[in-house]
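Protein sequence lines, in the order shown, are assigned to chains B and R. Each residue of the first sequence is one higher than the one before, counting from 9 in our numbering. Each residue of the second sequence is one higher than the one before, counting from -6 in our numbering.
No wet-lab data here; the hints were simulated from the structure. Where hints are given, some of them may not hold.
[As the list claims (entries may be wrong)] Simulated DEER-style distance windows between Cβ atoms:
{"no.": "1", "chain 1": "B", "residue 1": "F248", "chain 2": "R", "residue 2": "Q62", "range": "46 to 54 Å"}
{"no.": "2", "chain 1": "R", "residue 1": "Q62", "chain 2": "B", "residue 2": "G62", "range": "21 to 29 Å"}
{"no.": "3", "chain 1": "R", "residue 1": "Q62", "chain 2": "B", "residue 2": "L484", "range": "53 to 61 Å"}
{"no.": "4", "chain 1": "B", "residue 1": "P397", "chain 2": "R", "residue 2": "M108", "range": "56 to 64 Å"}
{"no.": "5", "chain 1": "B", "residue 1": "S415", "chain 2": "R", "residue 2": "S63", "range": "43 to 51 Å"}
{"no.": "6", "chain 1": "B", "residue 1": "I26", "chain 2": "R", "residue 2": "M108", "range": "35 to 43 Å"}
{"no.": "7", "chain 1": "B", "residue 1": "V387", "chain 2": "R", "residue 2": "G21", "range": "44 to 52 Å"}
{"no.": "8", "chain 1": "B", "residue 1": "A231", "chain 2": "R", "residue 2": "G95", "range": "51 to 59 Å"}
{"no.": "9", "chain 1": "B", "residue 1": "P397", "chain 2": "R", "residue 2": "C112", "range": "45 to 53 Å"}
[Said to hold, decoys possible] Footprint (simulated), chain B over chain R, 3 or more residues, beta carbon under 8 Å:
{"no.": "10", "region": "4 to 10"}
{"no.": "11", "region": "33 to 41"}
[To be verified] Counterexamples of contact, computed for chain R against chain B with all Cβ distances above 12 Å:
{"no.": "12", "residue": "Q15"}
{"no.": "13", "residue": "E16"}
{"no.": "14", "residue": "Q62"}
{"no.": "15", "residue": "D74"}
{"no.": "16", "residue": "V102"}
{"no.": "17", "residue": "L115"}
For every residue, glycine included, the Cβ atom is placed at its ideal position computed from N, Cα and C.
In case you want the letters, here they are:
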Amino acid sequence: MDSLSLLLGGLQDALTPINVLYAAVGVLLGTFVGVLPGIGPAMAVALLLPVTYGLGPTQALIMFAGIYYGGMYGGSTTSILLNTPGESSSVMTAIEGNKMAKAGRAAQALATAAIGSFIAGTIGTLLLVFFAPLLANQAVKIGAPSYFAIILLSLVLVTSVLGSSKLRGFISLFIGLTIGLVGLDLSTGQARLILGQLQLADGIDIVVVAVGIFAVGEALWVAAHLRRRPIDVVPVGRPFMGREDWSRSWRPWLRGTALGFPFGAVPAGGAETPTFLSYLVERRLAKNSDEFGKGAIEGVAGPEAANNASAAGTFVPLLALGLPVTATASIILAAMQSYGIQPGPDLLGSQADLVWTLLASLLIGNTLLLVINLPLAPVWARLLQIPRPQLYAGILFFAALGAYAVSQQAFDLLLLLLFGLVGFAIRRFGLPVLPLILGVILGPLMETKMREALDLTDGAVSGLFNEALAIVIYLLIAVVLLAPLVVRRLRGRRGSDRRDADEVMAS
Amino acid sequence: MTVVVGYVPNQYGEAAIDAGVQEARRRGARLVVVNTSRGDALVDPRFASRSALDALDSRLAGVEHEVRQSVGADVADQVLDVVRDVDAELLVIGLRQRTPVGKMLMGSVAQRLLMEAPCPVLAVKPARMAATHPGRDLR
C-alpha cells in the first residue's frame, strides 16, 4: 500500500499541465517514429537527447517514456495496414493483423491493438510500481562481484538468445565493448584506444554513437535502397470493435500482458520473445483455430498486449538495477546519466520524487496514447506517404545538430560519420544493433564493478567468485550457452517439436 | 500507331483514359497506359494498386492495350521514355489545377511533358472539376 500512496503523490506531480504536455508530445512523437519502418523509439530518443538538455530531468524522462510506449503502439499500425512491421516487436502482429485488414477488418485490428496496448501498458505499469521497489530493496544488498555477473548475464542473454546468429551477436557485442573502452582508464588514468587523438581521451559520448548507428546508419542504408515499388495500403476508417471482438479480445490481452511483463523485466529483454510466445499460445487456445492465418483477432490482441507489457517490464531492471535491456532503455539510461542521475538500487531512495512522477506519467502517457491513437489512425497511415529523401534529410539535420551539441566540437561530427558507416555496415552484414549499444553502455559499468570486486581481493581472481549469487549467475550463464547445444542434440533424435514455431516463421 | 496515356488512379487519370480510348478508337491505334512512381515513399497513392490495374484492364477490354508500371527518379522522364520507346503519335495526360507557388515548389510533370514530348500532347480535365486536392479523395 506504501507504493500506492507514493504513486498517488507522483500522479499529483505528473498531472501539472506542463508535464501532461510533455507526455503528449512524447506519445505523439513515439507513434510517429513507430509508424515509420526503420525509425524506432531508440533513434527518436537518441536524436532528442540534446534537445532535452534545456528541460528538467523529470520532463525529459516523461517525454522519453512517452516515446517508448508510443513507439510500441505505432509499430502495430504499420504492421496491420502494410504488412511491414514498423518495429521488431510488431512482427507477430503483422501475421494476423494484415490478414484482418485485407478482409476489410482493419478498423477492428487497429482497435484491438490500441485497447490491448492500453490495458497491457496500464497493468504493466502498476506491476512495475509494485516490483521495482521490491527489487531495489534486494538489489542494495548485491555486491560488486554479483553485479558484474548480472551485467555479464544480460549481455550474454541479449547476444545469444535474441537474433538468429550467435556469431553475429557476439561480433556486434565486442564492437560495442571496444567503443566503450575508448578513453582514459578510470583508476590509472592511462589512455586507451585513443589513437593519438586527444579529443578521444574523454571517451566517446553515447549520444554520438547512438545517433550515428541509428540515424546516420539508417539514412545511409535507405539512401542505398532509395527506390522501391510502393506497397498497396489498406484504406482505414476510424477504429472500432463490435461486441464479439471484445469478447474474443479480452482474454488474449490479459494473457499477453502476463507473458510480456516478466520477459521485459528479465535481462533477456526485448519484446520479440513474448510476442512470439503470445501468438503461439493464442493459436493453441483458440476455439476456431482454423481462422488463424486468415485474420484472427486473438492473434493481434495477444502479441500487441505482450509488447506493451514488456515495455513496462523493461523499466524494472532499468530503475532498480540500472540495467537497460532494450536499445531504447539504454538510451534512456544514458539520458539519466547525463543529468547526473545514476539509476540503480539507490535511485528510489535518492530520487524518489522523480521516479514516482515518471511512473505516474507512464500511466498518463498510456491513457493519452489511447485517446490520441484511436481517432488518429487514418492520419498515422498517411505518414507513410512522406518521401524518404525529405524525411531523412530532416533526421540527418537533427543527428548532426545533436552530435555537435554534445560538446560543441567539430570532431564529434567526424565521429558521427564514422559511426554512421559502422551502422551501415551492421545493417549490410545483418549484425544485430542491440548488443552493440548495450556493450557501449554497460561495458564501462561492468568494468567499474569488476575493478571494485578485484580491488577488494588485491587483484586475486577469487574476488569475482566470493558471493553465492555471483556463482549462481555464472551457472545460469553456462546453462544459457550450453542449453541450445544440448537441445539441438535431442531434437536431432526426435524431431518435430518446434514445428509450430517454424510454421509461424515461414508464414 | 500508338497512343500513350499518362495514368494516375484518380479523376484526372480517369479523364485521360477516357480521352485516350476515344483517340485510340478514332485512329485505330494501340493504347499504352503508363503509371509511374518515384518510389521514394513507402506508400504512393498515385501508384496504381493491383486491384486498380485489374479494374483498368477490364475497362480497356475491346481496345488493343498494354499497361506499363515503373519506378524511377523522375516521373516525367519515365513517361517520355515510354513515348519515345513506342514511337507514340499522341500523348494524353490529365491536367489539374495548381497554384503558382505549388508549381514552383513541387514542379509540374504536366508542364515538362507538354514542353518535351516529341509528339502532340492532349491535355484533358475531368468533366466536373472538383475543388479538392487530387491526392485527397483516394488515400
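Query raised in the report: Tell me, which hint numbers fail for this structure?
Result: Violated hints: 1, 2, 4, 6, 8, 9, 10 and 14; rest satisfied.
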